[in-house]
Each structure stands twice: as structure tokens, then as C-alpha cells.
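Student: Chains as they are written, first to last, in our numbering: chain A, 10 to 148; chain B, 938 to 1260.
To be clear, the hints were calculated from the coordinates, so they are not data collected in a lab.
Heads up, a few of these hints could be off.
Listed next, the stretches of chain A that the computed footprint assigns to chain B, with coverage defined by at least 3 CB atoms under 8 angstroms from CB atoms of chain B [stated by the list, open to error]:
| id | region |
| --- | --- |
| 1 | 52-59 |
| 2 | 81-87 |
| 3 | 95-104 |
For clarity, every value in this text was computed on a predicted model and none was experimentally measured.
Glycine is no exception: its CB is placed at the ideal position from the N, C-alpha and C atoms.
Chain by chain, the residues:
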Amino acid sequence: MSTEQSQRPIRCLVAKVGLDGHDRGAHVIARAFRDAGFEVIYSGLHKAPEEVVQATVQEDVDVLGISILSGAHNTLVPKIIDGLKSYDAFDDTLILVGGIIPDKDKKALKEAGVDAVFGPGAAMEETISFVRDNVPARD
Amino acid sequence: MNATASLVDDLLAGKHRALARTITKIENRSPGYRELISQLHAHTGDAEVIGITGSPGAGKSTLVDQMAKVYRDQGDTVGVIAVDPSSPYTGGSVLGDRIRMASTVGDMDVFFRSMSARGSLGGLSTATADAVKALDAFGKDKIIIETVGAGQNEIDIVRTADTVAVLVPPASGDDIQMLKAGILEIGDVFVVNKADLDGADRTVQELKEMIHMRDSDDEWEPLVVETVAKTGEGIEEFLSVLEDHYEHLETSGLLDEKARTRYAEEIRALLRADMGTLIAGEIAEQGGIDSLVDEVVAREADPYTIADRIMEPIEDCTARRQS
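Isolated chain B (complex conformation) (with noise of 0.2 angstroms):
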């Protein structure tokens, strides 16, 4: 209990390692984590979030990179989480985006935290969401979220940012790509990236029909940039265009409808782990998972009136309250 206290005071009091062990601590799981974020809460609600993601080789990192280092002209302090994917055979990975934050290397100021996805562990935007909280308390203007846009669960991460950049490598497909549902219908904002390679007009061209067609009620009309990020080409334009993004969130009441909706998302997600945790309580209570298997291969039951009688005393008591 007062360990999570004096962490949240050294953290909230500008202690880098305090702010480095509390994300260790989301991403973990570990013991009093929840009351960690609880009392973190109260101080978040001042960074702008924004959410990158494209397919491997897109320039993320890079484009991040050049990011901070504008950020940290202009005074703003920057937080950086970048997912990385990690072996489903052993676990392990190698988080490499690090490496390509070389313009602001030696600048406490700007925070660049790897996470791993680690295998099909359920919570990772959640383990996401709360460490972008950590950052929001520690003070942090801008906070950016990288990560591969690979599929629903990397969805679910840049979702939880008020601004989506997505990034589209020139010639990357033919225009069916661009029909494919997943991560062109999240982006705020679309980003040709190496936009000095051939191919990067048709590209942009194509994304900009594709925005066209689509049919959304949304005032905010995506737009596509195009940037170099090795030579930091383009990138003054791409930072206007996410502040007329989330100016536009601000005046039009988008940005506390966001908030909103991500908090009612995250009380079910919530929700939805502690009444899992119960029901595997009711579970073991009920001989364990294999003897319900049991009776469902010996006939004797089916898998509906297993989950009825799982649900059965945990119905009852919520029935009993509200009576």
C-alpha cells in the first residue's frame, strides 16, 4: 500500500525511474497495480495522444524520431510507446524501434518505452491505455503510440489515441488494398512516407480517392501528407495537420465524446476480466474445467447447460440485490 503511495508521489514529483517501474508494473500485471493507476487517474486528462501505425517498413520509428525531436523544439515533452510483436513459439522479442530515436537520444525529456505485444496476452491496449495514463500524470504534452498495424488487437491500441496517423508506404498494393477493411478506415490522417520513391504520387492519389468514397458523417475529412522521415521532409506539415485534427476534436465537442466513449470501453473491459476471473473461481468450485468437459463428451450435459449452471449463483446474487 504505501509503496504504490511513495511511487505515485515520485512519479508525479518528476522521477524518471518512478515513472519507468510503474509502466513495468501496468505492463506486468503485478500486485496493486490497479490502485497504482486509481490514484494516477485524478492527474491525466492534459496530453495529446496520437496513435501511429502502419505495416513493418513504413518508416514509423523514424517518423516518430522526427516527431519528438520537432515536439522538443517547439518545448512540449514527449512520450513514446512503441509496440513491437513478439515470438509466439518462445515469448521473446526483440524491440528494435529504439534505435531509430537518434535526434533526441540523451534528452531525459523525451520518455521512449518499448512494450511487447507478448504473445496472445489478452490486454495489451488496456496495458497500453494505462501506461499512456502514466504518462499523461508524469506531465507529458505529446504522446505518441507506435506500433505495426497488423490486426485488431494493434486496431484497438491507436484507437485509444484522440489522433490516428496512418502510414502508407508508396506503392504498396493495388487499389483493392485500399477497399480491404482494417486500418485505412481508422486513419485521421494517412502519411505516404518515402515519399521521394517512385510510385508515392499514385499512392497518395489513390488514398485520397479512397477517403473520397468512403461514407462517414464525420466532419473531419482525412488528409493525406506526404513526408520523408529520413530527412525530416514534410514533417512541420504532418505536426499541422494533427493539430488541426485535434483543434477540430476540441471545438466540435469530438474530443470529450472520445474520452467518453474510451472510458465506457474500459469500465467493460474491466468488467469483463474481473467477472472472467470470477466465473474461473465458480469453475474450479464446480470440479475444474475437465470434469465439465467430461459430462459434455459423455452426454450427460451440453456446453449451454454448463454455462447456466456456472452462471447460476453469480445471477442469483446480483438478482438478490436488486430485489
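With the rest of the complex left out, here is chain A (with noise of 0.2 angstroms):
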């Protein structure tokens, strides 16, 4: 057993954000997450873009989740990126967004900087194997 062993968890931020008030499904992911062995950071409801990004900065995790069902992913999702890149913070975070996304608007997210949409017939599986393979290496 070394003691300079340098291993560290998944760190992820389960978000909601703007007005919509359902967390279930971002309860069912965190403890899906925690189950997965991830370190995981649950913002709570009602959150302003620029709360997430504080979060999202002073946590140092390597996955945003962004959960939302309300319909105002276009204006919110755009805000938290802005946000993250002025903290340097974009790069090296995992994007994802989940909740009820149309297909049309799936696109635009991604061209904005979104890692991967998962909606609500996503297999939790799927969505931790996708953190394990994309999350990003860091130093």
C-alpha cells in the first residue's frame, strides 16, 4: 500500500436549475451516481446559472449534470457554459444534460458545448459507462 497513491473518485455535480421543481429524477441519478462509487454534489432546486457555475468552479468536479424538465434548457444551458468559461472551467467538465430535451433542440446543445443529452428512457448504465469513458483525464 502506497501512501503517494494518487486516486480519486469521479467527482460530479447533480444540477437543477431555473423554475422547474421535480427532482426525482436528479435524486434517482445522485443515488445512482453514489452507487457507482462517484463522489457526487447535489445542488438543490431552484438554481440561477451562476450558482451552478460557482459550484460547478469551487467543487473542482469533473461532471456537470444539469437536469431539466421545464423547457428553458436553450436559455439556461448556454448561461452555465458562458459561465464556465469565464473560469477556465469548460474544458476539463464533463457536460451532460438530462430531463425532457425535444430532438430538434439536442443539436444546439452539443454545438454549444453539452457532452451528451440523456433523456428520460436513458438506462442509468449507459449513463455511468459514458461518465467512465469520457470524463476527462486530468493531471
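Build the complex from these two chains, which are given one at a time in their own frames, with help from the hints.
Tutor: Below you can see the structure in the form of C-alpha cells.
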């Protein structure tokens, strides 16, 4: 056993932005991530984009998962991404969006910098292995 | 090497991302973290460090949120480290204290960082103390360490604070609970939070008796304050008690004494860890732990003999240096 061994669990922020008040999905994903051995930070409901940015920067998470059911993703998600860029935190954060996202919006979100969009039917294992495979390497 | 220097520069220049990344490196024991802390050390020593502990559900996070708010109103910057347990099975954790930091969201001058206990990883208190150094070097005036007071590990963590506040919920047990060893012995201040609930008066009374009976040559008599963190009631009084305690530490010289004790502990802890690494190397050199165990099982050697054999080359080296 080496004391110098550097090993870190994957750190995730599960965030709810905007007005939608349904966080069962966020709770389910938080728990599934925890059981997968991740360190999960939950933001709580009704967060403004700046608050999500603040939490992402301070907690230095590898993954930011945003759950949105309200339909406001086209305005809220780009604001978060811009915020992350202003703190140099965009490049090494994997950004996932989950919730109710119409197919026609997915392309624009990905162009804005979202790495993957998971809808209501997505299997939990699929999400977890996507995170494991795509989490940005850190020094 | 250069990456470390520029991370330190960015941190000292007030870049939040650099502070966050520094804490990550410290937490992970990433390569180069020691050099990082060495470079930060010269910039530390100005922050006031407060430890908050108590049982789950005592209201620690809500109280910390209120404290941060009042400190910010006074013009102080605040750093918070909240330690939560991790699953012994998967290593995973849900770090939920951030949710309650509602009064200061959007204010980057409150730097809140969640830390997982990461199972049985022994270095938690060292990592927390090092993270405090990063916040201190960054220039935070007040640093709050928040942790569940469940076991020895957590007590070690809050001991790295100048002032320790223990939260006790009302009606949290009979007077025998108050006699048990543990967190009740380490409090400089006791906070009966949720003081609007039934049984609060009795808890205050019991705590006062417990304090009165304890045998201590410390001039500081721990105080009991009542708060309702949810509404902010009693917070100002609580903070003024914290201030009194800090002043007491300063004027009595205890603050310097505490710092010296802490540095001594830190040096010892580092050396124990380093010695552990040396020993692990020597075990591997002598054929690995399994083959050593084989000898013991076969009654060819006993654990004491093995330990002597492993230590011999290390002892030789130190003996040679001393002669």
C-alpha cells in the first residue's frame, strides 16, 4: 500500500436550474452515481445559472449533470457554459443534460458544448459508463 | 515543477479556479502536492479557523450558512470545508451540505468546498488541515470546518481549528450521554441549536452542569449558547462568543502554543507516513508481506523478529549518521 498513490473518485455535481420543481430524477441519478462509487454533490432546487457555475468551480467537479424538465434549457444551459468558460472551467468538465429535451434542441446544445443528452428512457448504466469513458483526464 | 509554481501564483492572485484545483490536488495526494503546500505555507497564518461538529441533523450546515452571512456582512471573506461520510462499500458519497448554503449563493467570497471522508483513508485530517492552508493562503479571513462528530477521525479534524463549537440538539439523551468521552470534551463553545424545540432548556442545563464538573486547568470555561439557525436567532451572540474565545487564545498566548502543537503533530504525522513508505519498500525488498507471513505461520519466525529484521537496515542508517 503506497501512501503517495493518487486516486480520486469521479466527482459530479447534479444540478437543478430554473423554475422546475421536480427533482426525483435528479435524486435517482445522484443515488445511482453514488452507488457507482462517485462523489456526488447535489445543488438543490431552483438554482440560477451563476450558482451552478459557482458550485462547479468551487467543487472542482469532473462532471456537471444538469437536469431540466421545464423547457428552458436553450437559455439556461448556454449561460452555464459561458460562466464555466469565464472561470477556465469549461474544458475539463464533462457536461451532461438530462430531462425533457426535444430532439430538435439536442444538436444546438451539443454545439454549445454539452457532451451528451440523456432523455427519460436512458438506462442508468448507459449514463454511468458514458461518464466513466469520457471523464476528462486530470493531471 | 512549473505547473506547481503557476498554480501557486494563480491562487495567490485570487483565482478561484486555482484554489479549487489546489484543494483537489491536496485531497487526491496528487504528485507534487507536497511542494504545493510547502510553497503555500509562507502565506498562511492569518485566518481564524473555526470547527463545527455535532450529530447528524443537529443543524450544522444551516448554522454555518448563517455564520457565513454575518461574516460577509461584516466585510470578512469566508472559506468553508464540509466533510461528509462516504460509503464503506462503493466509496461513493452524496455531499449534501451545499444545499443549505442558501444565504450566500452567488457570492464568490464564500468559498464552499465539500470533502468526502473517502472511506478509511487515514489521511483525512491531514488533507483537511492542508485544504485549510490553501484557503488561508488565498486570503480568507474566516475558515469554517464542518463535520459530523461521529468518531475519532472527525475529532482530529475539528482539532485543527482554533475554536471548536459542538452542536447539541435538544433532548439528545440523558445525562449519562453527557458523561461519555468524545466530542463533548473538545468543545470551547456548546450550541444548543433548534432552541425553539421542547427540551432545549433541559439540555442547556445539563451541558452547563457537565462543563461545571469537568476537571480542567484551562482558564477558558466553555459557554453554552442557544440558537435557532433556521431563523438566524442567536447567531450574533454565538459569533461574539467565538470572538471572545479567539481573543482569549491571543492574549493568553494559547494561540501560539496551539499552533506549535499543531505543527509538531503535523511533522510527526508526515514522518510516520514517510516511514511507512520506507518500511513498505523494505518489506518488498525482503520478499513481500506474504512470504514473511509464511515464515510466521510455519513457526520459523515470529512477528517481533520479522519487525526487527525489517527495521534493521533503517536503524543502521540512522546509527551511522549519528556516529
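Student: Are the hints correct? Go through all of them and say.
Tutor: Each hint, compared with the structure:
no. : hint   : verdict
1   : 52-59  : holds (count 5)
2   : 81-87  : violated (count 0)
3   : 95-104 : holds (count 3)
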